[in-house]
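Student: Here is how the chains run, residue by residue.
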Amino acid sequence: MKHAFLDEYSGLRSPIHQLDPRAKLVGFAALIVVCVTTPPNLYAAFAVYLGLELALLWLSRLPLRHVARRMLIVLPFILVVAAFLPFFSRGGGSYNLGPVRVSGHGLLVLWNVAAKSTVSVLAVILLSSTTPFPDLLRGMERLRVPRLLVALLSFTYRYIFVLVDEMQRMRRARDSRAWRGKWLWQSKVVGHMVAALFLRSYERGERVYAAMLARGYGGGMHTLYLYEPGIMEVGFASLVMLVPLAARIIL
Amino acid sequence: MHHRPAVEIKGLHYAYPDGTVALRGVDLLVEEGEAVGIVGPNGAGKSTLLLHLNGILAGRGEVRIFGLPVEKANLREIRRRVGLVFQDPDDQLFSPTVFDDVAFGPLNMGLSREEVAEAVSCALELVGLEGLEKRSAYHLSYGQKKRAAIATVLSMNPDLLVLDEPSSNLDPRARREFSELLQRTRITKILVTHDLPFVFENCERVVVMDGGRIVADGDVFSILSNEELLKKHGLELPYGFYPMHREMDGHRVEEDRG
Ligand SMILES: Nc1ncnc2c1ncn2[C@@H]1O[C@H](COP(=O)(O)OP(=O)(O)O)[C@@H](O)[C@H]1O
Ligand SMILES: [Mg+2]
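Heads up: the protein sequence lines correspond to chains A and B, in order. Numbered continuously in our numbering, the first sequence closes out at residue 256. Numbered continuously in our numbering, the second sequence closes out at residue 280.
Keep in mind the hints are simulated off the structure, nothing from the lab. Quantities reported herein were computed from a predicted structural model and do not represent experimental measurements. Check the hints yourself; a few may be wrong.
Computed, partial: chain A to chain B, Cβ under 8 Å [as the list claims (entries may be wrong)]:
(1) R163
(2) F166
(3) V167
(4) Y222
The calculated label-pair distances, taken between Cβ atoms and stated as ranges, are [to be verified]:
(5) A:R174 with B:D241: 37 to 45 Å
(6) B:Y164 with A:G223: 24 to 32 Å
(7) B:R26 with A:Q23: 49 to 57 Å
(8) B:T42 with A:P234: 51 to 59 Å
(9) B:D49 with A:F160: 33 to 41 Å
(10) A:A156 with B:R135: 15 to 23 Å
(11) A:L154 with B:R195: 37 to 45 Å
(12) A:R70 with B:R135: 33 to 41 Å
(13) B:T42 with A:V85: 48 to 56 Å
(14) A:D170 with B:Q205: 30 to 38 Å
(15) A:F160 with B:R195: 29 to 37 Å
Covered stretches of chain A (chain B as the covering partner; in silico rule of three or more C-beta atoms under 8 Å from a C-beta of chain B) [to be verified]:
(16) 136-149
(17) 152-162
(18) 207-221
(19) 227-237
Positions of the beta carbon are idealized from the N, C-alpha and C atoms, including for glycine.
Isolated chain B (complex conformation) (with noise of 0.2 Å):
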C-alpha cells in the first residue's frame, strides 16, 4: 500500500449564503488505497464536506487532493481524479439516454470518440448495465440507477472515488449487488452514510462526524463497537448487529475471546 496521501483538509469552515454553518473546522487526511466510511445524523455536514473534494463548494481552509490544492487552475485535473456520487441517482443522470450519461465525462475531458465508446463500455460491463446503453434512466430500476450513476464516474477512470448515501433506498439484494461493486473497485474511497453495516462491509476507517466537525477518527471495529460514542451522535447499529474483528485482507474473523 502507498502512503502518498490521496486528501488532505486542514481547519476547513464552510458556511452556506443563507448563513447557515455547515463545517466548523475539519481536518482530515485520508491515505492512496484506504476506504473511509464517514457517518454522522443529518445535518451534520458531511454531504457539504463532499462538495469541497472537487472544488464545488469553496469553503475557508485548506483542501488537497493528491498533493494539488482545489482551486480554479487545478478543477480540471481535479474533477478528473476525483468521482464524485451524489446520493439520488435521477440528479447524476441527466442524459436522455444511459449511454450518454456514463459519456459525458470522457467527452467532457475531450477523449477522441474511439476512446469515450471503450471507456462507456468498460464501465458499464464493470457495473453489470451492459447492453442497457440505449435506455433512457427514466425506465431503470432504482438499483440499476445506482449503478449507472457509479459507472458515470468510473468512465472517467478516477483514483478517488466518493459516495453519497451509497445505500440509501437499496433493496437487500441491490445492497449486496451494490457492496460487492464497491469491493471489486479498488481505489481511494470514501463514503458517507448512515448504513453502519454497510461501513462495516466496506471500509476499514470510521469518521464520526457531528455539528461540523470530526468528532471521532478510527479503525472501523473500535468506532464501531464503541456504542456510548455512537449513541451521543445519533448512530446505532441494527438491533442483532454486532462487529467483529476483521483481519487487514478484508476477511472477517472470530473476535478472540480468550
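One chain only, chain A, in its complex shape (with noise of 0.2 Å):
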C-alpha cells in the first residue's frame, strides 16, 4: 500500500533545501518561539513573521498547492475551536454584530491563536518539506537532542506506515468474514484487533533489537553526518534568528 511522504518536496533542490538541517531546526524554532511569546497586539510584528516565511517559502520553489494542502489539515482544528471564544469569552468590551454580541477580549484571543498558530504551522512545513527526514533526524542528534527520542521519531517514522498498513490487514480479513454486529461486540472486536496489533508491534520491537544486536549494537546510536555548516548556514540562522527578534523588541 502507498501512503504519502511525510516529507514529500524534500528532495527539491533550492537554496533553503540544500542548508546544513540544524540551522533550519534552530532557526525555525527561535521563530516558533518568539513568534508565540509576542503579545497580540503587536500586529506589525506578526506582519514580520509571516512576511519573512513567505520570502522563504519562495526561496524554496515549494508548490504553493503542497503548502495551502498541508496548512489546511492542521489550521481547521485549531481555528474551529477558537473561533467560538468571542462568543463565550467576556471582558475587553462588547461589540454588537447584528444580533449577537462578541467581546473584545475574546476576538484578541481568537487573533492570538489564528496568528500565532499559521505562522508555527507554516514554519513546520517549511522545516518538513525542505529537509528529508532522516536528515532533520540526523541535525536533532547533532544538536544533541535525547538519543531516546530521536531513536523514537526513527523508528516511528519507519513503521508507521507498516503498522498502518497490518491494520488495514486485520480490517480486512474481519470484513471478509461478513463481520457486522452489534456495537456491542464490534467494540469487543475492535478491542481484540488492538490487543492484537500491540502484541505484533511488541514482538517486532523484540525482533528489531535482535536485529540490531546482530551487527554489533551496544548502545550507540552512530550516523553519518553528511553536511557542512557554512555561511549560508549561518547567514539563514540569524536572519531567521534576528529579523523576528528584532521586529518584536521594536515595533
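Each chain sits in its own coordinate frame; assemble them with the hints.
Tutor: Below is the structure:
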C-alpha cells in the first residue's frame, strides 16, 4: 500500500533545501518561540513573521498548492475551537454583530490563536518540506536532542505505515468474514484487534532489537553526518532568528 | 578448501523464559567454506539455533565460532564475523533510509566516515541496489528488501553468512536473483529454510532438525533423495522435482543410471 511521504518535496533543490538541517531546526524553532511569546496586540510583528516565511517559501520553490494543502490539514482544528471564543468569553468591551454580542477580549484571543498557529504551522511545513526526515533526525542528534527521543522518532518514521498496513490487513480479514454485529461486540472485536496489533508491535520490537544486536549495536546510535555548516547556514540562522526578534523588540 | 571449523556446537540445550524447550542437545560442526542448509518443520528449533551463533541467545552447552567461544568478551568480534539475516526484512531494516541501515553495522564497528561510505556502496553494488541509498525501506519491493537485508550484513565483511528463511515470500524471479546473489557470495553459509529446491541449488550439505535435535546430516543428494526421512520430518519435495547428483564445482550432472 502506498502512503504519502511525511517529507514530500524535501528532495527538491533550492537554497533552503541545501542548508544544513541544524540551521533550519534552530532558525525555525527560534521563530516559533519568538512568535508564540509575542503579545497579540503587536500586529506589525506578526506581519514581519509572516512576511519572512513567505520570502523563505518563495526561495524554497515549494509548490504553493502543497503548502496550502498542508495548512488546511492542521489549521481548521485549531480555528474551529478558537472561533467560539468571542461568543463565550467576557470582558474587554463588547461589540454588537447584528443579533449576537462578541467580546473584545474574545476577539483578541481568536486573533492570538489564529496568528500564532498560522505562523507556527507554516514554519513546521517549511522545515519538513525542505528537509528529508532522516536528515532532520540527524540534525537533531547533532544538536544533542536526547538520543532516546531521536530514536523514537526514527522508528516511528520507519514503522508507522507498516503498522497502518497491518491494521488495514486485519480489518480486511475481519470484513471478509462478513463481520457486522452490534456495537457492543463490535467494541469487543475492535478491542481484540488493538490487542493483536499491540502484541505484534511488541514482538516486532524484540526482533528489531535482536537485529540491531546482531550488527554490533552496543547502546550508542552512530550515524554519518554529511552536511558541513558554512556561511549560508550562519546567514540563514541569524536571519530567521534576528529579524523576528528585532521586529518584536522594536515594533 | 580450508578445513578449519567455522562453527562448533556441542551439546547445546535451550529453553525460552516461558519454559518452551527449543533445543535438546544439538551437536554441529561446520567447516570454513561450506554451504549448509538446515531444514525441518515449523517449531523444530532452527531459528533458535541461529540466534546462538552470535550470542543473542545463550543456552547450556558449547558454541565456538572460528575457534572463539561465544561469550561476552568475544561478542564484538563474533558479531562482526557472523552476518545474521533475519526472516522478515522489515525487522532487519529499521533505519529511516537504506543507506543508514547498511551503514549501521560498519558504524558500530567504529569505521571512519570514508570506510563506511565505501563499505556501503560495495555492499549495495553486490546486491544490485545501487542508487537506492536514500530510499526508505518502506518504499522498496519485497525482493529489494530481502537483498537490502543481505547488504546490511555484507557491509560488515562477514566470514559466515547466516540466513533465516531466505526464499520465503519471494516471487520466482526474485527468488532466482536471490539464489544467484548467494552463489556469488563465496563465504561460509548457513541457510535455514523449508524450500528444499532452494537448498538443493545453494548447499552441498543438509542438516535435518526436528524437535530441537539434529536428526540427519549428510550431503544434499543423499538427504533430499531419502523420501522416507523427509516424510518422517514433515518435509516434501515439490511434485515433479527430482534431485540429481552434482559435481563438487557446483554444476549439476545427470545421475549415472548405468
Ligand atoms: N520468543 C519465544 N518464546 C517462547 N517460545 C518460543 C519463542 N520463539 C520460539 N519459541 C518456541 O521454540 C520452539 C522452536 O522455535 P523456532 O526456533 O522458532 O523454530 P523454527 O525456526 O524451526 O520454526 C517452538 O516450539 C516455538 O514455539
Ligand atoms: Mg523459524
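Student: Which of the numbered hints above does this structure break?
Tutor: none
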